[in-house]
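For this one, chain A is given, so just place chains B, C and D on it according to the hints.
Residue numbers (the working numbering), protein chains in the order written: chain A, 108 to 449; chain B, 108 to 449; chain C, 108 to 449; chain D, 108 to 449.
No lab work stands behind these hints: they were computed from the structure. Take these hints with a grain of salt, some might be off.
Note that the list lumps identical chains together, so a pair holds whenever it fits in one copy or between two copies.
Unchecked claim - Here are the simulated BS3-like pairs of lysine-lysine, each with C-alpha atoms no more than 30 Å apart in a straight line: (1) K377 - K295; (2) K377 - K218; (3) K218 - K136; (4) K145 - K295; (5) K138 - K377.
These numbers were taken from a predicted model, which means no experiment stands behind them.
There are 4 protein chains.
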Amino acid sequence: MTHSIAILGASGYTGAELIRLITGHSSMKIKALGGNSKAGQTIAQVFPHLRHLDLPVLQQIEEIDFSSIDLCFCALPHKTSQEVIAALPAGLKVVDLSADFRLRDPAAYEKWYGNPHAAPELQKQAVYGLTEFYRAEIAGARLVAGTGCNAATGQYILRPLIAAGVIDLDQIILDLKCAVSGAGRSLKENLLHAELSEGYHGYAIGGTHRHLGEFDQEFSAIAGRPVHIQFTPHLVPANRGILATAYVSGDAAAIHDALAAQYSAEPFIKLLPMGEAPSTRHIRGSNFCHIGVVADRISGRTIVVAALDNLTKGSSGQALQNANLMLGLDETDGLMMAPLFP
Amino acid sequence: MTHSIAILGASGYTGAELIRLITGHSSMKIKALGGNSKAGQTIAQVFPHLRHLDLPVLQQIEEIDFSSIDLCFCALPHKTSQEVIAALPAGLKVVDLSADFRLRDPAAYEKWYGNPHAAPELQKQAVYGLTEFYRAEIAGARLVAGTGCNAATGQYILRPLIAAGVIDLDQIILDLKCAVSGAGRSLKENLLHAELSEGYHGYAIGGTHRHLGEFDQEFSAIAGRPVHIQFTPHLVPANRGILATAYVSGDAAAIHDALAAQYSAEPFIKLLPMGEAPSTRHIRGSNFCHIGVVADRISGRTIVVAALDNLTKGSSGQALQNANLMLGLDETDGLMMAPLFP
Amino acid sequence: MTHSIAILGASGYTGAELIRLITGHSSMKIKALGGNSKAGQTIAQVFPHLRHLDLPVLQQIEEIDFSSIDLCFCALPHKTSQEVIAALPAGLKVVDLSADFRLRDPAAYEKWYGNPHAAPELQKQAVYGLTEFYRAEIAGARLVAGTGCNAATGQYILRPLIAAGVIDLDQIILDLKCAVSGAGRSLKENLLHAELSEGYHGYAIGGTHRHLGEFDQEFSAIAGRPVHIQFTPHLVPANRGILATAYVSGDAAAIHDALAAQYSAEPFIKLLPMGEAPSTRHIRGSNFCHIGVVADRISGRTIVVAALDNLTKGSSGQALQNANLMLGLDETDGLMMAPLFP
Amino acid sequence: MTHSIAILGASGYTGAELIRLITGHSSMKIKALGGNSKAGQTIAQVFPHLRHLDLPVLQQIEEIDFSSIDLCFCALPHKTSQEVIAALPAGLKVVDLSADFRLRDPAAYEKWYGNPHAAPELQKQAVYGLTEFYRAEIAGARLVAGTGCNAATGQYILRPLIAAGVIDLDQIILDLKCAVSGAGRSLKENLLHAELSEGYHGYAIGGTHRHLGEFDQEFSAIAGRPVHIQFTPHLVPANRGILATAYVSGDAAAIHDALAAQYSAEPFIKLLPMGEAPSTRHIRGSNFCHIGVVADRISGRTIVVAALDNLTKGSSGQALQNANLMLGLDETDGLMMAPLFP
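Okay, chain A solo, but in the shape it has when bound:
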């Protein structure tokens, strides 16, 4: 049986990653590629690395015939996404990779994104797409909101610890080191090779990064009280990867146990033996997330480090995993490829 897929916003990095992954899927077939700015172009023109694939020409989104589509990935920019999805056929299953449906509270959305939400009714239907924690809801959802890539990484570390009550909720610091593809294919001076290579820096320092909206929403819900963490992302000269270093107050063994209990049966989340730490080179191009726990020399302090690929487990891989659930397929279909090293 074949499942017919459309990808909207196919000319960005997450769109290309979706195509790469679906190429290895056992039953999905791409039937439409939407990308308004590059409509009319072939995939070989937009992404020469995909030139060997027999794929449809990019077209205007409004020209796509969705009647035969089983599921639509939407990899459009924030704000555009909510308008486009609102106009899609009501029954069409949608996995959105933008930020538009991540925050359940319209006021929180407006606070972090600066504009009122244009599709608040849709927002109510949307299920938050962190697969390992919303599996049942995702399987029955019509619209799934992909998480922020940084937000996913931080939650893989912290959700089990908050739920298990093994860390101090008022002393959580998350220091991220992010590769540049997370910023997308946009033309900005600080994304140029000459600026970024051999240079690295923090950004959105002090609690202004939008993914904090997701952390606040999710962590407070788990804890049953407001939880606000400190979160500083840094841009490093690499193309793929997020390395999250979490500084928490809590016992290392209890923390390792809580993570082990949560993830032992998960196909993609791999907890390292106590005292070992992960590296982005070991998850690149894959859907795996490696997590390590190390006790600090100061009693009662623990460092937890997680690594995942922002384009795969952090966005397009997560999206495919959710789509598998929504279509009743094996959750890992198309996602078991090993990381690319070196």
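The following block gives chains B, C and D in isolation, referenced to the frame of chain A:
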């Protein structure tokens, strides 16, 4: 049906790449991993990026039970390889990734590698592993010699041109730009990040690179007369990729036609439209080779550029493609993954 | 004694490099920085790495008082440069880093740059700025045209060989590997870190690169007959550096001798011992150019490799060297810093 | 007047950096280069980027005539350094770049470095080389111990805050992102380009990094009570730079004031305006350290970020600055070069 596989020399980059590829194969299963210096270690210790796989512990090669093995990949260093393969069961199918069986003439082997061959009888049996040109022989072979990664790239450009008689055989210049994984995992000062990043240089300049032995052997055989090309490799600060720029005397249209005639039905060799040139970013992590042809402003001169991934199409991907042929399987099994971009 | 300097186009990479170099000059002092798009900004805003310097605020070029300026560097884009320089005070010494005054023949200019020259009278006055070959003319010039960075590299190899008659003029191939800062600070997709890092490719293949205009002009003048070379640049994932590999027909010893005769007294051009080849890592951030000669295995063929930093010896360092000559100063003032390695 | 300099351990990265810096010094002249493993080699063989310099051949340390040397830099490995310095003429001024004399307490030395100190009498004389805080002692010292590069970066942030009493001493977290040259030129698998490029990771997590010995010693001395911070370094794919992100409890304005009061007159430490943060690209190759302060969204929490070049301000630049003081010279001589960007 399952095909049982052994990999000798599993702790190097080509060994890791073989494991990555076989992970996506429909019928091969890895039954033994040989690596003498790391015998006793798990794959998670040797290659943490493969920790999610259920693989055998590395063992001494002499301790491996080959009786149930269908095919053995040998990814050992040059010279060691010929000794190890000579001691394997006589009927075992072997794909060797070293340089040991590439040169048919023992004198040529000794000239380029500096020592007499230790298994000259085996050398006679070995089939040269450039799949697209030795397909039938490979399918019936017991021992296939993987080509040099630079040698493969240059031959993809030049073999059809020499065979078609469309270029001047005495005016062939091949300028290669090679990523660092081609040098393997050896500890050398010039492979350190601090030395190589932000720096690039030519090496083995003037005709001393060993892959010239393969060029001489193959091109002379095709032409029916001695052919000696100029060949200069350069090391560039990237991990995967070979970009070969060939300067030839010949008509661009005739050259494009000869390449098109050769490769139009090939699953992995993609000829670009006349005037377009490839980039290593578009083949990384895949088994594809992109080739482009551009006419020079000087009449009768043409530039042909090819790009492939040295670890995949240049060695381990080629090896798996050959193994598929040797086992009577679909030649593309395990090899159709899209490149990783960005 | 102080020499007052203005820099127009101070917000690009060559402008920044000029400031860096002049910081170490014994008598030059920057009095004005012109940059229309960033007028009103401080240097700390435009180039945070120069924030420790006491420099004027950027201003509109037309607002600069040139009456007290001794020499003006013009680091503006092509075409803009000729218009701006035409409007400067007639007696002001100018070093132009753009392409606007490199080609003496207006027809050649129009052929390579696509538009008629807007200041043909100025073009007649301009001296070509390849210091080692136009030293006397530069010392007396009012307007010096900085060379293309690729053009400089190729000429350092080939001029002495053409002049000495030691190579075949119809068999010259120049294969360049160029770092990304040579493309400037412009916002183009292929200059993004995510596109360029781990990827490299040829461009302007087949004889369409504009620096060929300079090669044709200069080499033909030396030879007294038309000389057309083949020239292919490649973009590699590094920020600074040009590595030029020249394939010539000629005797290696004669070639080494010709280069030694030309450069033995030059402060910045260093000829390596026969058989050694240079690397970009050894000239980064400096005004040095390293040249190496290697005989090919094919008798009568020689490979000559040169390395320089495109932003220093290839443009801003050359410009300062020429400015020193024009002001009657020690030619090496501000330029003797050692390369930055690693 | 000329000051005669010897450099022991000239074949490592800090040795090369010392030579680069001294090249731009107004009165120092290198008279001897000691490096036992490469004795007999010229600088062009050991460091081709310094081939333009007229420097002595490397020699065995025991063969150097120290009678005419005014000051000796010792860039040898830990443990070797203390033995070599103990054997130098008693009156010779020495700047040591190793870890051997940083810790005043022999028990602390043995705890962090695993062996008893071989020259405890010398250790008593040694002055800790963090220039801005030990200026007077350094000026009168015979032996100055260069600080750890990570230790310097952290102290530039934290010393003024501890001294001013504006932060909670029990809640200090220092997350470092370090470039690879800090690991030296040693041949280790994880320093290979193919391993490090496109990959990054934490190391010595949990309080095991030796530079903690320096933090403990210095911060406790300032506070007059034991101070233990959390410190996690991460290796990122770049060659030069340390970016330190400090998470502290304290008022951002008070913190900015304390840093401003400390550094306003310092030539190399540049405090950014409140709310701005530094980048390693803006200090590369220079002796500058940029520091930025940002208030967190959580009241009473502040993030302070510092950037410096580990080979310059973090080691060889610091060493030269100290040598200038010891010789009664202008402290900034040879150190005012602008950073190399891009």
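Status of the hints after comparison with the structure:
For the identical chains of this complex, K377 and K295 are inter-copy neighbours only, at 26 Å across copies versus 35 Å inside a copy, given an alpha-carbon limit of 30 Å. In the homo-oligomer, the alpha carbons of K377 and K218 never lie at most 30 Å apart, since the shortest distance is 35 Å inside one protomer and 34 Å across protomers. For a Cα distance limit of 30 Å, the shortest separation of K218 from K136 qualifies neither inside one copy, at 39 Å, nor across copies, at 49 Å. Proximity of K145 and K295 under a CA criterion of 30 Å is satisfied in both settings, with 20 Å inside one chain copy and 16 Å between copies.
Taking the closest pair of Cα atoms, K138 and K377 come within 30 Å of each other only across two copies (23 Å); inside a single copy the shortest separation is 34 Å, beyond that limit.
Of the numbered hints given earlier, the model fails hints 2 and 3; all others are met.
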